[in-house]
Structures are given as structure tokens and as C-alpha cells.
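For the record, the sequence lines run as chains A and B.
The number in my numbering is simply the position in the first sequence, starting from 1, with 212 added.
The number in my numbering is simply the position in the second sequence, starting from 1, with 212 added.
Keep in mind that the hints were calculated from the coordinates and are not lab data.
Any given hint could be a false lead.
Identical chains blur together in the list; that is why a pair holds if it fits in one copy or across any two.
Stated by the list, open to error - Okay, derived cross-link-like pairs now, DSSO-like style, lysine-lysine, Cα gap no bigger than 27 Å in a straight line:
(1) Lys493 - Lys425
(2) Lys463 - Lys509
(3) Lys425 - Lys401
(4) Lys292 - Lys493
(5) Lys509 - Lys401
(6) Lys371 - Lys425
(7) Lys463 - Lys401
(8) Lys227 - Lys509
Protein chains: 2
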Amino acid sequence: MSLLVTGSIGVDTVKTPFGFSQDCIGGSAVHFSMAASLFSPVRFVGVVGTDCPFDLEEVFAGRGVDLRGLEIREGSRTFKWSGSYEGDMNEASTDGVELNVLAEDPPTVPEEFRDSEYVFLANTAPGLQIELLEQLRSPEFVAADTMNHWIITASDDLKLLLDRIDMLVLNEGEAKLLTGQRNLMTAAKTILDMGPRVVIIKKREYGSMMCNKEGDCFVLPAFPTSVVIDPTGAGDSFAGGVMGHLARTGKIDTVSLREAMVFGTVAASFAIGDFSIHGIKAVEANDIESRFDMLRKVTQF
Amino acid sequence: MSLLVTGSIGVDTVKTPFGFSQDCIGGSAVHFSMAASLFSPVRFVGVVGTDCPFDLEEVFAGRGVDLRGLEIREGSRTFKWSGSYEGDMNEASTDGVELNVLAEDPPTVPEEFRDSEYVFLANTAPGLQIELLEQLRSPEFVAADTMNHWIITASDDLKLLLDRIDMLVLNEGEAKLLTGQRNLMTAAKTILDMGPRVVIIKKREYGSMMCNKEGDCFVLPAFPTSVVIDPTGAGDSFAGGVMGHLARTGKIDTVSLREAMVFGTVAASFAIGDFSIHGIKAVEANDIESRFDMLRKVTQF
């Protein structure tokens, strides 16, 4: 199945207890695509300014990422983010943001991508996520991410979005904020009542859980690793693994959803192993299979 | 195998978003024994004052808990604790403590218990845990719990204890404090280097993990439930399920340890479903088996 992602491309500066990485490539669409392309070809939609220091053709060389949806906008500047992690690195503190081109019109989905079947709308204003979705003819499975900022400031748009997507991927705190529930199981069920047929709640180093309208529930720990260098992009890498596997199988049944979460978890475990995209860039198919088997081995009884 | 527990008996007053329970029975040895007795007979060692409002024979009636190690000390008062939980209820805040009899000499292990094979030393001063341990002739498998207070104030005694026990059960924050490590996998390995052949790290609503010297690692989510009324005693109920199952099987191999953690997780899931011991008191063997199967169902792929 064809898989399209819309999201950000960023110039990131990240500080963790393990080092410092200045002006490295980041952004939700980038992290997502690095992971998803391990499983499936990816159609990439995003926008940068003419100042963008990265050659995305080179970044994604050999990975099956179709960049015909990449817009290099004249007179605009690329999104920049700088952040730092301390202690157990569970939460980034943002040191600086320049939205730049992200505060302008979203990119257009090119004609040749409009028949995309599987779609991931990375975190942005829900109104823009709907606009992007409306450019697609008849997507089969649409997933979206969101964040606290939109839950608070754009809840009406978010409700409209939730009614039009198949799966919401969000983190624990966001799920609680969105639903007003303090229990995660109750929050998950409340989100299903809002529209999506699948919800995945990410719990950072504690893993993730999935509930769907068929009543299935799956709880998965994170991959146990002592190599955590930079958590930036872990959530988008996870989503990339999930959607990449779903697009590969073309099925949204319980087995596929569970396996997709395992692949997402494995992709995230590589992503956090180095700064920027370096952790996942070196990964090969057999590395993925090997950690899939290891995750099964450490969780089964 | 015979299973002995030493720990506290408390008069608890607990406030959670779901209600208030005044002067109810609590304490580590009580919660442990309620859970462990679902799997194995328990030999109970603990001390109360003459003011103790509970009849422990009645509390444990029909559960196979041998109370010949219960001392009712003349002129002493029973341990009291009051605490409250807010929000996601992950952390109790202590509103009041009266150590009373716990600040005096520990109870004596009665002669007829000194041949105990499996032993759980619930949280208390590590020096006292060693004293209790020395009263046993040749225990086969000794597990202990500890807490931040002892890690900070009694680290020398704790090191001596770690050298003499087979398994340490502690929570995430304690594991990080004890080892100075921020990564849990590294913390677990560091603890194994300190002596025990098995370490179990409890992660509250996120489940638990186990590492042993044979190189096995097991990661288990908590039982997903929306019924969380009072988390008091969850950790001791978990330990009770773990030790109860291990004593029942008489084996400390990988399969038994993993299954023991599942039983501990299931026991804890019942314990948190009501105040004090009410959540676990009504549980029968088939309830345990049913949640064991459910936990397998929601975690397997």
C-alpha cells in the first residue's frame, strides 16, 4: 500500500547528558520517514526554506522515500528547534523555536500522491491536518498525532479531525488532557468514542498501549536498552515503524496492529541510540528482525 | 516450600480521589501475606502493640497464614500510617507516621519457623533485616525490599544485606538512587554486581522488570485496569504473588521467575481495586488464573 507522511523538517540543536549536536536534521516527517522506509516506500510531503542546509535527496538516498512532495519555498526560512534533556531524559525542555516556514501555508500534496492509501499526519494544527487530508482522494487508513498545545487551543478543529481519522497516536499526558481522564484505559476508551477506531498511547521509556473498537487491547514495554543517547524523534520513529509495517501488510487486523507496534518500538529503540537520524540510518532489515525477536523473548511468558 | 515473611502490621488511614478509609489494616507483612497465601502457605512474623484493633486470626482466617510469629507486645503501640493519593495516584504523600513498636526491638522468629526455606524480608532497616535473617538456619531463597531512606542512611548495612540475599525487589527510583545510574538496565546490572542473583524493579503503573545473573531479562507491563481505588500495598502484594508462586513451585528458573512476576502483577491488580485488603480478600484461585490469561492475551504477539 502507498504510504504518505506530512510533517516537519527541522534544523535541530540538541543537548543531552551524552553530548551536543548542533544544526542537525530533525523534524517529524524526517524521523517518521527514516523509520517507515525500513518497511515500506514513503511519499514525503513537507516544506523548507531556501536556507535549508540539508540535501534531503542525499539524506534519504536508497531508502525509497519519494520527495516529490518536498517544497523548497523561496523567501522562507526552515523550521528550527533547540532543546535539551537531563536526568532520565524522559522530557525535552525546549530552549528555542523558530517556526519560520511552519507558520506559513502548508505544502501542497502533489497530484501524483493524491491516491495515497495509508496516511500519517504528523503533529501540526488540526485545521492544517484536515486541509492536508482533504487533498487526498480516498485514503484507506489515516493516522494522526497531536500535542497539548492543540488540545488546549484548537479543540474544535481537533474534534473534527478525530471524526475523520482511523487512528490517533499520542502520548500519555496528551491522552489524559484530551479526555480529562486520569486512568489510561479509560482515556483510551474515551478517545475511541471520539471517532478513531484505533488509539495508540505512547508512554516514553515505559512503552505503548493500543486499544481498538473491536475491543482488543495490547500493552507493550519499550525495548530494554542501556544505549539512550538522544530521545528526539523517538515518537515519530515509533509512528514510522507502525505505519510502515501496516502499509507493508495492507491489513489493520489485531495481529498486524500488534506487530506494527513491535516494529515501531524497535525502530524507536534504534532512533534513540544516537543523535539526529544517525541511530536509525545505519540499521538494516536483519537488525530490525533481530530486535523484534529479542523484544518477544524478553516479554513472553 | 515453606515461605516466611517478616514485615510490618499497620493501622492505615488512606485518602484517594475515590474515598477515605480510616484506621484500616495495612502494613507490608499483611499485604504480602494476603497475596502470597493465594499461592502458598505463609509463616508470618511481625509485631503489634496491645492497642491493635485487628484480630489477625480473623483477617487471615482460612488463608493458610501461620501466625505463630505474631507478637502482641505489652506496653507497646501499633505502627500507624496515614497518607493520601492525588491525580494519577502514582505516589503516596505521607500525612503522618507513628513508628511505635517498629522503633523497638524486632520480633523473634519462633523456633518452629527457623527451618523456613523461602524468605521475604519486607522493607525495614537493613541491620534489622540481617538480624532476622540470622535467626534462620539455612534458607534456600531470600528476597528483600528496601527504600530510599535506608539507601541514604544505612548504605553500609544495606551492602552487607545485598551480599546475603538472593533477590532484591525495589522500585525504579530506589534502583537509580542505589546505583547512581539513570538507565534502568544499567541499574539492574549494577545491582546484580552487588550480590543478589535476581533483581526485580517495580515501575508502578508501568509494570516491572527482572534481570538475573544468568543473563535473563523480562519486562512486564502492569495489568491494564480502570479500577484503581487505593494503590497502598500494591508493591507488597506484588512481592507476595512473586514469592508465593516461587515457594509453590520450589524452583528459581527463568520460567518460574517470569510466571511469578505475572502472578505478582495479577495480585497487585486486585489489591489496588479497593481500600486496604478488601480488593484481594475476595479473590479466588480462578480469578487469579483468569487475569493471568488476560495479561498473557494483552501482551503477546
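Hints and how they fare:
1. Lys493 - Lys425: neither (35 Å within a copy, 33 Å between copies)
2. Lys463 - Lys509: both (25 Å within a copy, 20 Å between copies)
3. Lys425 - Lys401: within (8 Å within a copy, 40 Å between copies)
4. Lys292 - Lys493: For Lys292 and Lys493, only the intra-copy Cα distance (21 Å) is at most 27 Å; the inter-copy one is 57 Å.
5. Lys509 - Lys401: Result: close only across copies, 18 Å inter versus 29 Å intra.
6. Lys371 - Lys425: Within one copy only: 18 Å inside a chain, 51 Å across chains, cut-off 27 Å.
7. Lys463 - Lys401: Result: close within a single copy only, 22 Å intra versus 40 Å inter.
8. Lys227 - Lys509: For Lys227 and Lys509, neither the intra-copy (33 Å) nor the inter-copy (40 Å) Cα distance is at most 27 Å.
Taken one by one, the earlier hints fail for this structure at numbers 1, 8, listed in ascending order.
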